[in-house]
Amino acid sequence: MLAALRTLVGLCSGHRSRSMAILTELGSSRLSAVLGVEHEQVSLAACNLLHVMFDSLKEGMQKDFRGKEDAVVLDSSKEQKVLIKDLLELLPLEGASAHGRDNALNLLIKVVPRKSPKDINNSMSLWVIDQGLKKILEVGSTVCGTPGSLPVTENSRMSASVLLSKLYDDLKCDAERENFHHLCEDYVRSWFEGQELAGKLRAIQTVSCLLQGPSEAGNRVLELEGIMDCILSLCASVCEAHQLVAVEALIHAADKAKRASFITANGVSLLKEIYKHSEKDSIRIRALVGLCKLGSAGGTDFSMKQFAEGSTEKLAKQCRKWLCNEAIDAGTRRWAVEGLAYLTFDADVKEEFVEDKAAMQAMFQLTKSEDRNVLYAVASTLVNCTNSYDHEEPDPQMLELAKYAKQHIPEQHPKDKPDFVKRRVRKLLTAGVVSALACVVKSENPALTNACRELISRVFLALVAETEDRGSVVAQGGGKALIPLSLEGTEVGQTKAAQALAKITITSNPEMAFPGERIYEVVRPLVSLLHLQRSGLENFEGLMALTNLAGISERLRQKILKERAVPMIEGYMFEEHELIRLAATECMCNMAMSKEVQELFLDEGSDRLKLMVLYSGEEDEKLRRAASGTLAMLTALHPPICKRIPQVTVHWLEILQALLLSPSAELQHRGAVVVMNMMAAAREVAELLIASEMLEILTVLAKDRDKPRVAQAAQESLERAVQYGLIQPHPGQQ
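With the first letter of the sequence shown counted as 1, position 606 gets the number 606 in the UniProt record's numbering; the numbers rise by one all the way through.
What the hints contain is simulated information worked out from the structure, not anything from laboratory work. Beta carbons are placed, not taken as given, at the ideal position from N, Cα and C, and that holds for glycine. Treat each hint with caution, since some may be false.
[To be verified] Computed list of lysine-lysine pairs in DSS-like fashion (alpha-carbon distance at most 27 Å, straight line):
1. K115 x K134
2. K321 x K427
3. K643 x K562
4. K134 x K81
5. K58 x K85
6. K480 x K559
7. K562 x K115
8. K272 x K368
9. K115 x K81
10. K559 x K595
11. K368 x K357
[What the hints assert, rightly or not] For each label pair, taking beta carbons as the anchor points, the in silico distance ranges come out as:
12. L11 x Q131: 42 to 48 Å
13. A198 x G14: 45 to 51 Å
14. S233 x K317: 27 to 33 Å
15. E554 x K78: 47 to 53 Å
16. A465 x K317: 27 to 33 Å
17. E488 x E225: 29 to 35 Å
18. E25 x G331: 17 to 23 Å
19. A198 x K81: 31 to 37 Å
Let the hints inform the model, and build the full structure from the sequences given.
Here it is in structure tokens:
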């Protein structure tokens with residue numbers, strides 16, 4: 001069976017009509033039945049085949065190996081719908097295996113939602129919501145271990161949450177979202193109202209599933225009459241399974257600050273009771289997370305302490321203790337990380353955590369476990385420890401106003417100051433945070449959602465903030481992991497990853513940091529930093545990184561050209577901020593080694609050449625160096641440019657003379673080369689130069705033995721003038 005499935009994968013890859021023929025022959029119901037078998041590898045191979053079929057049917061023929069016999073397939077949306085319908089039918093099927101169910105969910109996550117918001121057609125998601133939302137909720141509401149429940153794995157509910165979240169994000173208007181809410185509410189009501197305890201448990205499990213996925217829908221369902229009271233009363237149940245479901249739901253419900261304060265008033269004593277008196281670690285740890293979550297409701301605001309001084313540190317200590325206890329299973333230890341994800345808003349907890357090497361190692365080890373629900377919690381903990389969340393500096397005037405109006409003002413914890421953050425980052429790097437995150441990015445698992453990718457990108461950006469740390473980040477595989485993070489995910493996540501790549505490219509040798517073909521993959525993320533909506537710092541770092549790449553090889557310059565970066569680089573040459581203007585000019589100087597860019601300067605109707613000439617006369621020495629270097633190269637390669645220089649600005653002679661009289665040997669050399677090229681280009685240009693004070697300057701420079709390169713260029717200019725008959729050689733000189 002495995003061999004047959006793998007052969008079919010080879011036949012279907014990238015070939016629409018073959019996929020269609022195989023699908024017609026086998027039938028989609030037969031394929032989905034194979035997906036639901038007990039044998040894990042057969043199920044996975046069937047999942048792979050279906051994925052390849054979807055890709056082929058969606059993309060059609062992209063490759064050029066079509067033969068004459070290839071049939072034309074017009075529209076395959078009907079077949080796609082039939083396949084998706086069978087996958088949805090598989091979800092609530094009692095005979096289907098737990099792995100098959102997970103594979104079906106993962107497949108739906110990949111093929112149903114739109115790949116990009118630019119694609120306006122979200123009809124597939126709408127169709128799946130109408131046809132299959134309740135079937136997906138069947139998996140999400142399954143309570144493990146109850147009689148007659150569906151066979152599921154520990155990842156099934158998380159996969160259902162991810163799918164629901166993706167479907168909800170794919171909706172475009174309020175009417176579509178309202179329909180989604182109604183379907184969820186109807187499903188929860190059907191289990192909650194007039195049902196026995198088992199039904200109420202399923203309703204509460206559904207609420208947990210929704211709160212972990214599309215939380216807006218989860219919050220709407222929580223507000224249904226009786227749900228919250230039922231959760232609180234079940235928390236005190238004697239039955240472990242019931243208590244587990246209720247405590248988890250309470251934890252997820254505490255996400256919203258306003259509800260957290262309600263639970264702080266009504267549920268804290270209950271959670272404390274469970275934490276102190278329950279005999280089961282699995283329940284105690286969940287109650288602890290509930291307390292952690294409520295204790296961190298003030299976020300990073302030092303003045304908004306929910307619990308008494310020292311309580312959060314005690315909770316964190318217990319979390320770390322459980323995290324390091326390998327006798328407890330990974331699924332339960334994950335909750336300890338969840339607790340730390342909330343408690344690490346407190347800077348005292350962050351400091352204690354980074355000192356505890358065993359706890360950090362245990363957390364990194366958990367990311368490699370089968371339980372993928374842990375990823376978001378690990379990423380959140382690291383974001384908190386590195387302070388890489390967004391925090392704006394409040395306007396001093398607004399602060400004064402707030403004090404006057406007796407409004408609450410958030411206070412920063414003294415241990416969240418930059419020096420403390422820097423030390424924490426160093427300790428995380430020593431503990432091996434980069435290789436742990438690189439492994440997470442490398443493993444393509446559905447729990448690595450876009451939000452999770454964004455958190456990891458934020459952590460990487462914090463890790464490369466200091467120049468001396470960048471080498472170790474690259475050595476542990478950070479550069480390789482950043483490329484996929486910068487190419488897909490949320491816009492913020494992609495930008496943060498691209499900025500981290502830029503920082504590495506600026507200070508490291510790009511060929512060492514991104515060996516082989518990988519260096520070409522870095523170009524697109526760096527070009528994305530040049531877009532106008534990015535901040536000035538991101539623009540500046542993007543330009544600096546591209547300057548480094550453009551100086552390496554013609555193939556890299558071609559890649560930058562292909563990504564349409566040149567017009568953006570030119571735009572930044574007019575920027576008011578002097579550092580951005582300098583970075584853009586330096587980048588253009590390196591790009592000018594390409595023939596296509598040189599041709600832009602030959603264009604009669606543009607001011608590109610004029611700008612370079614004028615920048616060669618600016619006060620900023622680095623800007624003059626970049627602009628005059630570009631001129632030296634262009635005049636050497638294209639004699640017509642030499643003839644145009646006197647026409648672009650009336651100040652051209654003063655600028656060239658200032659370069660030759662500069663105290664900087666580099667600027668003198670560049671100026672001397674430009675003059676030498678202009679003298680060689682045409683007699684009329686040489687006449688203009690010799691008729692000015694340039695003759696005296698060249699005569700003096702030609703005798704300067706301290707600067708042999710400048711003297712040689714000046715000497716060649718004078719010899720050219722002699723050839724033209726514009727000056728006579730000095731008597732006694734050869």
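How the hints compare with the structure:
no. : hint                    : in the structure
1   : K115 x K134             : 24 Å, holds
2   : K321 x K427             : 19 Å, holds
3   : K643 x K562             : 30 Å, violated
4   : K134 x K81              : 17 Å, holds
5   : K58 x K85               : 16 Å, holds
6   : K480 x K559             : 19 Å, holds
7   : K562 x K115             : 23 Å, holds
8   : K272 x K368             : 32 Å, violated
9   : K115 x K81              : 17 Å, holds
10  : K559 x K595             : 14 Å, holds
11  : K368 x K357             : 17 Å, holds
12  : L11 x Q131: 42 to 48 Å  : 29 Å, violated
13  : A198 x G14: 45 to 51 Å  : 48 Å, holds
14  : S233 x K317: 27 to 33 Å : 31 Å, holds
15  : E554 x K78: 47 to 53 Å  : 49 Å, holds
16  : A465 x K317: 27 to 33 Å : 29 Å, holds
17  : E488 x E225: 29 to 35 Å : 42 Å, violated
18  : E25 x G331: 17 to 23 Å  : 42 Å, violated
19  : A198 x K81: 31 to 37 Å  : 34 Å, holds
Violation of the numbered hints given earlier is confined to hints 3, 8, 12, 17 and 18; the remaining hints are satisfied by the structure.
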